[in-house]
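The working numbering numbers the first residue of the sequence shown as 1 and each following residue consecutively.
Just so you know, not all the hints are guaranteed correct.
When the alpha-carbon atoms are kept at most 30 Å apart in a straight line, the in silico DSBU-like pairs for lysine-lysine are as follows [unchecked claim]: (1) Lys21 - Lys68; (2) Lys21 - Lys44; (3) Lys45 - Lys68.
Please keep in mind that the hints were generated in silico from the structure rather than gathered at the bench.
Just so we're clear, the structure is a prediction, and the values are computed from it rather than from any experiment.
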Amino acid sequence: MELYKDLYPQVMDLLNVAHNKAPECKKAGVQYVAQGMFDHLHEKKLGDVMKSHISDEHYRLVEPYSNKIDDAFRRAAKAYQN
Numbered sequence: 001m002e003l004y005k006d007l008y009p010q011v012m013d014l015l016n017v018a019h020n021k022a023p024e025c026k027k028a029g030v031q032y033v034a035q036g037m038f039d040h041l042h043e044k045k046l047g048d049v050m051k052s053h054i055s056d057e058h059y060r061l062v063e064p065y066s067n068k069i070d071d072a073f074r075r076a077a078k079a080y081q082n
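Build out the structure end to end from the sequences listed, making use of the hints.
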């Protein structure tokens, strides 16, 4: 669980950078690359994947982080849509 909590801020930073760079990528005409990556990566919600690999008790501990990552991922992906 500690590893997940340690990675959480880094993942959120990465998703925020991706979101903030969307206008530049659109201006350069390369947003389709990022959009393709987002579409491929987010076939399942992080929480759904985690539920199948950890105990219910551990999932309850990381669920708030997982939900925030999923929300940030969707927000970043949406920024690259036309």
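Report the numbers of all earlier hints that the structure fails to satisfy, in ascending order. Violated hints: none; all satisfied.
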